[in-house]
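Q: Sequence:
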Amino acid sequence: MKLLAVRRLLRIQRVVIRYQLDEMLFELPLPFWLRALSCLLPWRWLPRKPLELSRGARLRLALEDLGPIFIKFGQLLSTRRDLLPPDIADELARLQDQVPPFPEEQAIALIERQLGAPVSELFARFDSQPLASASVAQVHAAQLKSGEQVVVKVVRPGLKPVIRQDLAWLFLIARIAEKASADARRLRPVEVVSDYEKTIYDELDLLREAANASQLRRNFDGSPLLYVPQVYWDLCRHQVLVMERIYGIPVTDLATLADQRTDMKLLAERGVEIFFTQVFRDSFFHADMHPGNIFVSTRTPWSPQYIAIDCGIIGSLTDEDQDYLARNLIAFFKRDYRKVAQLHIDSGWVPADTKVNEFEAAIRTVCEPIFEKPLKDISFGQLLLRLFQTARRFNMEVQPQLVLLQKTLLNIEGLGRQLYPDLDLWSTAQPFLERWMRERISPLHLLRNLQQQAEQVPHLSQIARDTLERLQQPVQVQTTASRDHWPLRLLGAALIGAGAMQGLAPLLATWPAWLMVGGGLYLILRR
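Going by my numbering, the sequence shown opens with residue 1, and the numbers climb by one from there.
Worth flagging that the hints you see were computed from the coordinates, not collected in a lab. Quick caveat: nothing in here was measured; it's all calculated off a predicted structure. One should not assume that every hint holds.
[As the list claims (entries may be wrong)] In the DSS-like style, the derived pairs of lysine-lysine whose C-alpha atoms are separated by at most 25 Å in a straight line are: (1) 179 with 160; (2) 145 with 198; (3) 339 with 355; (4) 198 with 179.
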């Protein structure tokens with residue numbers, strides 16, 4: 001075993017002992033053999049003073065003590081409110097982004113190594129004192145030779161070896177917990193660590209973040225709702241990102257926003273509109289919309305515009321998820337619980353053998369007390385959370401894309417109510433959702449789908465032609481079975497099956513499926 005791995009294990013062990021995390025573990029309903037193992041841990045034989053801290057606070061402080069990688073893990077873990085007890089999720093949500101910066105000499109050396117030139121040649125000015133420092137990167141202010149003010153984001157050096165070792169230990173702990181406890185299996189710790197592994201490695205690649213920022217900027221180009229800083233691609237590498245420096249008001253600085261007479265009601269409503277536009281129009285949404293990543297432009301306070309930074313985490317939905325989610329939300333606020341239950345089954349979010357009546361009754365039991373409140377007092381995000389918790393009782397599979405969506409919605413709604421306490425999220429979202437649903441079934445949308453399918457016809461026809469040519473090549477035959485042209489009949493059966501799978505509804509958009517079925521019948525029936 002490598003020395004680094006052993007050192008990290010000893011470090012983790014010290015933190016576990018200090019914050020008595022082993023007590024939290026052995027409070028779970030563990031098997032006898034694992035509970036007996038606690039007697040073999042030497043520190044448990046020594047008297048320990050009970051900590052005057054909740055279990056969530058102990059876990060949060062332990063993650064802070066273990067350093068940036070564990071802090072980031074705690075931040076991501078706090079978003080899995082569908083899996084965690086509320087007290088632990090609330091404590092983990094308090095983890096801060098700010099960590100001590102790494103030395104400026106290391107930052108400058110890494111920038112020069114990545115960009116292949118001294119900082120003095122690359123920039124007219126470079127501030128060695130960082131503007132901000134987070135768990136995986138820090139940011140420096142600079143000015144380009146052409147005069148533009150920019151920020152330079154640089155990844156912390158030497159993170160990957162530590163990340164690999166930390167992830168190895170996290171996976172080991174998760175697997176042990178999953179085998180030892182039924183409660184732990186319900187929380188799916190291995191899946192949680194796997195999600196974290198993907199996210200942390202994605203965040204280390206600043207070219208990915210730059211690409212996300214460019215796409216989001218393009219989606220809202222010229223929009224009064226959202227501004228995304230420009231990326232300077234010539235100065236971007238895997239560990240260095242250079243983008244336009246923005247000057248806005250932090251969205252949580254309510255006093256400054258009030259001083260410039262910002263229309264707070266419109267600002268809150270535009271936050272909701274931005275969220276639904278990203279989710280349903282673009283299927284490309286900023287999934288890390290905590291207040292530290294959101295600013296408000298000072299240009300037009302009567303028509304306030306948001307500014308978004310840090311696009312390292314992006315979520316997306318399939319067309320099917322978009323459709324089912326929109327129909328779920330509309331049915332939800334119409335109290336059509338039967339439709340909500342049926343949509344969950346149809347989408348595959350819960351098993352197909354779920355009894356609709358029982359699922360409908362469970363949803364009604366959860367939702368009716370909430371809907372007794374005035375609509376403006378209903379937390380949209382909490383309502384979605386309660387729905388997922390109810391569905392989990394019916395073996396609902398965890399949907400990673402919906403978890404990101406739920407996290408973002410909770411952030412947006414919490415921020416909106418902070419800006420304007422009387423925000424009625426539903427009255428803001430309902431017109432957008434209903435308009436989007438109408439557009440989905442409009443002739444123009446169907447025509448677009450038809451055009452997309454038509455663009456695939458030459459490619460499909462070439463494949464079919466190549467297949468037929470291969471099947472018709474003369475071959476030496478020994479049996480009479482080959483005289484039955486069974487390859488063509490097999491191809492015909494495959495075409496019929498493929499057409500049926502694509503849907504045979506009597507719509508104009510389904511003509512390729514009918515074409516495949518017709519071709520299949522011809523190949524089977526021809527003599």
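Q: Does each hint fit the structure? Answer for all of them.
A: Hints versus structure:
no.	hint	result
1	179 with 160	violated (28 Å)
2	145 with 198	violated (36 Å)
3	339 with 355	holds (13 Å)
4	198 with 179	holds (23 Å)
Checked against the numbered hints given earlier, the structure breaks hints 1 and 2 and satisfies all the rest.
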